[in-house]
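Chains as they are written, first to last, in my numbering: chain A, 1 to 308; chain B, 1001 to 1290; chain C, 2001 to 2356.
Worth double-checking, as some hints may not be accurate.
If the Cβ cut is set under 10 Å, some of the chain A residues that face chain C in the computed set are [claimed, not checked]:
#, residue
1, D173
2, D182
3, T186
4, R193
Covered by chain A, per the in silico footprint, the following chain C stretches (three or more residues, Cβ under 8 Å) [stated by the list, open to error]:
#, region
5, 2067 to 2075
6, 2097 to 2104
It is worth saying that the hints were derived from the structure and are not from the lab. Just so it is clear, CB atoms sit at the ideal spot from N, CA and C, and this is done for glycine as well.
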Amino acid sequence: MNEGTATRPLVDRLLAAHGWLVYLFFYAPIVVLTVFSFNDNSRVGVWTRPSLRWYGEMFRNDDIMRAIRNTLIVAAVSTVVSVVLGTAAAISMERFRFRGQRAMDGLLYLPIIIPDVTMAVMMLLFFVQAFDLLEGFTGIRLNLGLGTISLAHIAFNISYVAVVVRARLAGMDPHLTEAAADLYATPWQTFRRVTLPLIMPGVAGGALLALTLSLDDVVVTSFVTGPGSTTLPVYVFGLVRREVSPLINAVSTAMLLASILLVGVSLGFQRRSGARQGPSDEDEGDANDATTPMVGHLGRVGADAGGM
Amino acid sequence: MVAESVDLETRAERAESRRGLLIGLPTYLYLILFFAVPLVIVLVYSFATRTRTGSTALSDWNLDSWARVFQGPALEVSIRSLILAAVTTLLSLVLSYPFAYWIATRPARLRAILLVLVMIPFWSNFLVRTYAMKFLMGSEGPLSLISQLFGGPPVRILFTQWAVLIGLVYGYMPFMILPLYAALERMDWSLVEAARDLYASGWTAFRKVTLPLSMPGVVAGSVLVFIPALGAYVTPAILGGGRTPLLGDYIVQQFLQARNWPYGAALSMAVMVVMLIATVFYFRKGGRTL
Amino acid sequence: MSRPAVELVGITKRFGDVVAVDDLDLTVGDGEFFSLLGPSGCGKTTTLRMIAGFEYPTEGTLKIHGEEMGLRPPNERPVNTVFQSYALFPHMTVADNVAFGLQMRKVPSAEIEARVKRVLDQVQLRHRADAKPSQLSGGQRQRVALARALVNEPEVLLLDEPLGALDLKLRQNMQVELKELQNRVGITFIYVTHDQEEALTMSDRIGVMDEGKLLQVGTPEEIYEGPRSRFVADFIGDINLITATVSGPDRVRLGNGQEIEVRSPGPVGEEVTLALRPERLELYDLDEPMPENHTKLRGKVIRRMYYGDAYFYDVEVGLDHPLEVKEENRPDVETYDMGEETVVCWDPAAVNVVTD
């Protein structure tokens, strides 16, 4: 026992020190980048004085502005469509039994498991082939662009949305829908009044995930992009490979800010929906809610892994 | 009478199953058209021939591209990528385990805050985070400046394997932390107390109880880091400068530069198979319990 | 029993290879409080779920108030359910939960408001109308679940172990409340439980189920006093089960060779099981005067347990098991010590012959 009480604080202190070092590792690059994005000097390494010069440059840069517009269009379209399709698939998988379900289940998981690069190759070859065929039959030539980028983003986003929503559905008391039916609600009324409100945090989490993945994607997008349809990440990636510049620092910081804003919105949303569920065991609820979208992001960690 | 009733139950089940399929049908059709069909097309391309002009002839089916996957440069790139992915996974695990353990053993309120602090970099744009690393490590970057301020040499780590390794760990470590945390947080700590009560020392209790119980988290985290690290493209492209290609950029090269689509298709199929195997391993080894 | 509320004819439910309910015939009368009693997995909940419409029978027909239900979905059946887990909608207030069924049936909102208030008064939860289910105690949730079903004035109310999640004191209070409520509203209750005490105290009739089969239906007294099978005898209350062979009309031979009197035990030579409630047995000193035509077995007390209101004795009488005897804790009842020689004594009319 003596040895226990003596080593305990030491172990604790070591763990804590390690913990804060890991946070330093996570945050130092981001913080340094943010600070230097406000540096007036055009040489990145030399600090002169704080200014918003590079943010001004960013807003005056037509390429960047067009890329931002493209990114937002693709993100919005692919998020909306994949949330609808992903939620529908989640309900179909979790609440029903039908022939061919296992095959569809596998198909629903595959886009999460498949590496970015393979996905990118698949999309490129598919669109090239499909457009060739279409031209052969109709004489119309379609080109890669915002349309193909959106279609590709939807293809990988559906699965992530479905996984998050399924986890939420699986955690829902199945008697609730029975109770609604027992109280004279039609299947549609049951969905609108009971199921949807209860899985809403999952749907919102899935939407946030889809939005983030869409805003993050470089590899798949760069394969199916066409002239004039470059998105911000692809544009920045092109620059970043070659150089480090104060302009990129500013753009990057702006992108970081957007990400953090999204996290904030989602946390706020979850806190509110948590509060609406009542004050009981709020602490526990917060911690768990915070991990829910993550576990979703990890995708493969889904509780219904047994389906594979 | 009885025969008619048998019919009833089956009819009810069929109607229900039709409804289930119908609800998901648009999604399934979408995935078949925009995922399953493309997958088949890539497979078909991997057996096609590259013409002299760099276009792909969908004729003269052969196994040449597949043969090349297991030889020379591809093999070298694969082995290098595998080693790098393995080291990334191991390093992430060693750094993440005590970290996740630390968070999981904090009081609930602090734990929630600490978790949010993990989430922020996790949700932040991956490309930007990788760029931040590049900025930090560059020869004109802040690290170099500090080193020179103290009379040291400029830091020359960018565009080396080390930079890629650090970048990968930086990028994918949250994938390791979260399942580890989930496994540890879910653990029944009275089990550790029971072990202590049965005369185990703190270390023995950890080794015999905590560690085995968190094994699903270890496996999950490892697979979740290994898979994207193996197929990484953005990190090596930015931090490695493309000097020693890894699988990801090697495959991209085949499409965007070398224009050898059949070879690229075969390579991307091969990577996918490796990852499927890793995933199956994950589901077998406790992925279920998480 | 004018018009039966629920009729089940030849109902069988199979899940794959598992037979959950096996050829069940049952008629529940209008206004009756009927309990389905049995261990978990006996098929009682499945039976209830088929009446509610959550499951469809594999075979057989099911009628509610004479109307065949067939493939009618739950929302078109004139029944309401109180779930074991209560299944209160967590995102709605108490009032919204209670109003749900009326809203679905497009009842005018003024009427909804009035009826919700009335039923919340009935279950004494008017003051919690705006609370969320998570803010309520277990007993309150239970009453909301009840109110949510009752407000619809269903023809039949189905209750699936509604008191299972409550603690003992609350459960006993709710038993009384439920019974009184049922008397007041006059709705048919079909009550599923594994708790024999609940079934005995509240029901007009009880159906005992095991392994998908309905073993015996009767009033609580009939079930308790006259179990027809070993399972029913054993499942409800404490009981002594003694194997014996029929040795003549009204006589059986016990394992120790002693012949005793039993009313109409069956054909001579057959092996039978005798069921005897511990409270029907009495202990006497060896030299004490005993009732004339009672059965008497000599034995030795090998265990005594104190229950407050009673003593339980295990008396070794030379059979497979010792006999369990319950004697009330009253000043005029003598107590026995471990090892004391005694005589176990009972009225032959108290013996029940049960099948296996």
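Hints versus structure:
Below 10 Å, beta-carbon pairs count as interface contacts, and A/D173 has one with chain C at about 6 Å; its hint therefore holds. For A/D182, the interface hint holds, since its Cβ comes within 10 Å of a Cβ in chain C; the closest pair sits about 5 Å apart. For A/T186, the interface hint holds, the least distance from its beta-carbon to any beta-carbon of chain C being 6 Å, beneath 10 Å. Restraint check, A/R193 versus chain C: the minimum CB separation of about 7 Å is within 10 Å; hint holds.
Interface restraint, the region 2067 to 2075 of chain C with chain A: holds (3 residues with C-beta to C-beta distance below 8 Å; minimum three). With 3 residues having a Cβ less than 8 Å from any Cβ of chain A, the region 2097 to 2104 of chain C passes the three-residue criterion, so the hint holds.
In summary, this structure violates none of the numbered hints.
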